[in-house]
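Asks: Here's the letter readout for the chains.
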Amino acid sequence: MATMAQAIRMALHYGEENLGVTDIFGEDVGPPLGGVFTCTQGLKTAYNSPLDERGIIGCALGLALAGQRPVCEIQFGDYIFNTIDLLKIVGNSHWASIGQFEIPLVCMTIVGAGIHGSIYHSHSFESIASHIPGWKIVLPSTPIDAYGMMISAIKDPNPVMFLYPKALIRVKGTELIPGEPEDEKELHRMIDAPTGPTLYHIMEARKSWKPEWPKGLTDYQVPFGKAKIVQEGSDITIVTYARHVFMAKEAADKLKQTEGISAEIIDLRTLYPWDRETVMNSVRKTGRVLILNEDTPVTNFGEHIYREIVDTCFYELVAKPRVLAGADVPGVGLHPNLEFASIPQVQDIEKAILAICSEKP
Amino acid sequence: MDKALKLKILDLMITSRCMEERLIKMSKSADGFFWLGGPGEEAFNIPLGLLARPGQGLDYDYFHFHYRNGATMLAMGMDPKDEIRQMNNRATDPFSGGRNFCNHYARYEWNVVPVTSTIQTQWLVAPGTARAQKRHGGDGITIVTCGDAGTAEGDFHIGLNWATQPGHESPVLFIITNNQYGISTPYEQVHGTRTLASMGAGYGMEYGEVDGTDVEASYAKLQEVMAYVRKERKPFLLEAHVTRLYGHSSSSGANRVPEGSEQDPIETWLKKLIKQKLITREAYEEKFKAEVQRMNQLLAEVKQEPEPTGDSIYQHIFKEV
Ligand SMILES: Cc1ncc(C[n+]2csc(CCOP(=O)(O)OP(=O)(O)O)c2C)c(N)n1
Numbered sequence: 001m002a003t004m005a006q007a008i009r010m011a012l013h014y015g016e017e018n019l020g021v022t023d024i025f026g027e028d029v030g031p032p033l034g035g036v037f038t039c040t041q042g043l044k045t046a047y048n049s050p051l052d053e054r055g056i057i058g059c060a061l062g063l064a065l066a067g068q069r070p071v072c073e074i075q076f077g078d079y080i081f082n083t084i085d086l087l088k089i090v091g092n093s094h095w096a097s098i099g100q101f102e103i104p105l106v107c108m109t110i111v112g113a114g115i116h117g118s119i120y121h122s123h124s125f126e127s128i129a130s131h132i133p134g135w136k137i138v139l140p141s142t143p144i145d146a147y148g149m150m151i152s153a154i155k156d157p158n159p160v161m162f163l164y165p166k167a168l169i170r171v172k173g174t175e176l177i178p179g180e181p182e183d184e185k186e187l188h189r190m191i192d193a194p195t196g197p198t199l200y201h202i203m204e205a206r207k208s209w210k211p212e213w214p215k216g217l218t219d220y221q222v223p224f225g226k227a228k229i230v231q232e233g234s235d236i237t238i239v240t241y242a243r244h245v246f247m248a249k250e251a252a253d254k255l256k257q258t259e260g261i262s263a264e265i266i267d268l269r270t271l272y273p274w275d276r277e278t279v280m281n282s283v284r285k286t287g288r289v290l291i292l293n294e295d296t297p298v299t300n301f302g303e304h305i306y307r308e309i310v311d312t313c314f315y316e317l318v319a320k321p322r323v324l325a326g327a328d329v330p331g332v333g334l335h336p337n338l339e340f341a342s343i344p345q346v347q348d349i350e351k352a353i354l355a356i357c358s359e360k361p
Numbered sequence: 001m002d003k004a005l006k007l008k009i010l011d012l013m014i015t016s017r018c019m020e021e022r023l024i025k026m027s028k029s030a031d032g033f034f035w036l037g038g039p040g041e042e043a044f045n046i047p048l049g050l051l052a053r054p055g056q057g058l059d060y061d062y063f064h065f066h067y068r069n070g071a072t073m074l075a076m077g078m079d080p081k082d083e084i085r086q087m088n089n090r091a092t093d094p095f096s097g098g099r100n101f102c103n104h105y106a107r108y109e110w111n112v113v114p115v116t117s118t119i120q121t122q123w124l125v126a127p128g129t130a131r132a133q134k135r136h137g138g139d140g141i142t143i144v145t146c147g148d149a150g151t152a153e154g155d156f157h158i159g160l161n162w163a164t165q166p167g168h169e170s171p172v173l174f175i176i177t178n179n180q181y182g183i184s185t186p187y188e189q190v191h192g193t194r195t196l197a198s199m200g201a202g203y204g205m206e207y208g209e210v211d212g213t214d215v216e217a218s219y220a221k222l223q224e225v226m227a228y229v230r231k232e233r234k235p236f237l238l239e240a241h242v243t244r245l246y247g248h249s250s251s252s253g254a255n256r257v258p259e260g261s262e263q264d265p266i267e268t269w270l271k272k273l274i275k276q277k278l279i280t281r282e283a284y285e286e287k288f289k290a291e292v293q294r295m296n297q298l299l300a301e302v303k304q305e306p307e308p309t310g311d312s313i314y315q316h317i318f319k320e321v
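In order, the protein sequences belong to chains A and B.
Residue 3 in my numbering sits at position 3 of the first sequence, with consecutive numbering throughout.
Residue 3 in my numbering sits at position 3 of the second sequence, with consecutive numbering throughout.
Worth flagging that the hints you see were computed from the coordinates, not collected in a lab.
Errors might be hidden in some of the hints.
To be verified - Part of the chain B face toward chain A, derived, beta carbon under 7 Å:
{"#": "1", "residue": "Ile14"}
{"#": "2", "residue": "Gly128"}
{"#": "3", "residue": "Tyr181"}
{"#": "4", "residue": "Ile183"}
To be verified - On the chain B side, residues computed to face chain A include the following (Cβ under 7 Å):
{"#": "5", "residue": "Leu12"}
{"#": "6", "residue": "Ala106"}
{"#": "7", "residue": "Pro114"}
{"#": "8", "residue": "Thr118"}
All C-beta atoms, glycine included, are put in the ideal place defined by N, C-alpha and C.
Chain A on its own, in the form it takes in the complex:
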């Protein structure tokens, strides 16, 4: 099955062939590399930009204002912070012009910890992004969702912040993307660029390389604002996204066996606008909720969900809701002990679930 990198690549290919994508650009996005995470290999509209995040967002906005459909990449979420004022402008241009200008712009950037990325390859961005109105924000956890959300992002006439998790970029999916060949070796042969030990070898190997795109790709979409119930349960709701969907599942599986706790896990997928209905329905059913993510805890996006749950479902709650987030520290340290202490781990999730479920109303 396709990895998330392959899924994004196929969606971008579909976008440039069928949905009017005109420019896919960013640092090392074009040939020869095709993205440091390989998401843009072999794409016909992909090109390298200067090493300049402000220029990338600015140029993407200009292209969008001129009626193009740009998809730009910030190489790591850790390097998007010097563009915040521009993200504000992108987010307010439709509003400031009282709807005169449409901004069909996708900004993709990889976020979160989990690859021993140390202080500057582990940042989360979703909480800050959620402070920038005018953007839709997505953060898929599976290749098929990444494909469907990229298609939705390209089709949307508004700015979309397409975040994707570093820790899951090479994880294979469990569901075939419509049009994806069943044999993953075949997919690899078709769309992964040949590689080599040095840049010189890579350039040589790729000189004559052309991808062979799967024929049957479709405009399969994952609509924005629709969460996914990853597993149903009756005792507690876990509201999460990205890598923590899988960590929550691991913790829940264990507690199912040892304690007989039945957890419902919700993968939000879209953070703005987020799926209040699915979350509130679940919380009304279970009365207990854990909100889980790895961003730093102060003014964490999960705190917003927490408040909305308390506002909406206060009298249906049977235990105090909890937010389990990253540690309140300036960065994620390199040594695994440091990283594990900074990012909620499976044992931390288990503890939180137990604490919530052991509360007596």
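Place chain B with the ligand on chain A using the hints.
Replies: Positioned in the frame of chain A, the structure of chain B with the ligand alone reads:
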């Protein structure tokens, strides 16, 4: 330049000055809040507007304006009433519906992209519209303006770098209107560069300077450099030396600078036209008085128009799918 054009420019100068002075009065009364604008830049900004090609889409020019381009908008055909609507923050303000300061234009039908108060960010966005124009073909260009102090932002260099990226060289006319100050900070205090225009040299682009208080020099220079950008599909960096007749903005009082301290390009142009016997001072004063009256009348009309309602803030956050 023929007689009709010379007089047309004078008329536009009068309209522009009367409009700005009306806005300034509004900023000092209950009819408006913050003012900033372009008195002192008319001799340059009006030729710019007359030579530009406003329209919708890639066949026309794209505009990324600084907040002192009211005269340019008038020369492109803006009704001054629209600017008074913006100053009076009416719902009928066609640029921002009462959301933004005066001189913060956004007009889709003319490719005038939203003006932002953030200094120099327009320099980053301009290469994007120019790239689209280059790909499209034709002779539409992107015009972007800024002040002298803003060139200290890294964004100044970013714009020049993107517009000269090999394979992506694009038709951007970069314009610096140098009025010698950033709010209160004199240019020489914070810039070691001899001229700002010469910064283009490092990027291998054509560049030049012009006396932006001189109508004919500005018109001729703009004609020349626009023709270059349209034809060559490459950028040009132009520095225009201008004045700032009402100081920076409301924040500095918005008062007329002392007589003789800075050149008034309208007076300079008027003297020239009087010498050429194209107009008399009396005729000019008549025109000016009439235009003051017209602006007063426009404001009176605008004040009858609807205000934006509080619940309108939720409109246009997203384009509905
Ligand atoms: C990024 C940013 N920093 C600071 C300001 C505050 N500010 C508004 S105008 C201005 C001076 C700009 O001077 P200049 O670029 O020379 O343009 P001028 O006003 O003289 O036309 C400053 C510092 C701002 N609007 N944006």
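Asks: It remains to establish, for every hint, whether it holds in the given structure.
Replies: Checked hints:
| no. | hint | in the structure |
| --- | --- | --- |
| 1 | Ile14 | violated, 29 Å |
| 2 | Gly128 | holds, 2 Å |
| 3 | Tyr181 | violated, 23 Å |
| 4 | Ile183 | violated, 19 Å |
| 5 | Leu12 | violated, 25 Å |
| 6 | Ala106 | holds, 4 Å |
| 7 | Pro114 | holds, 5 Å |
| 8 | Thr118 | holds, 6 Å |
In summary, the structure is inconsistent with hints 1, 3, 4, 5 from the numbered list given earlier, while agreeing with the others.
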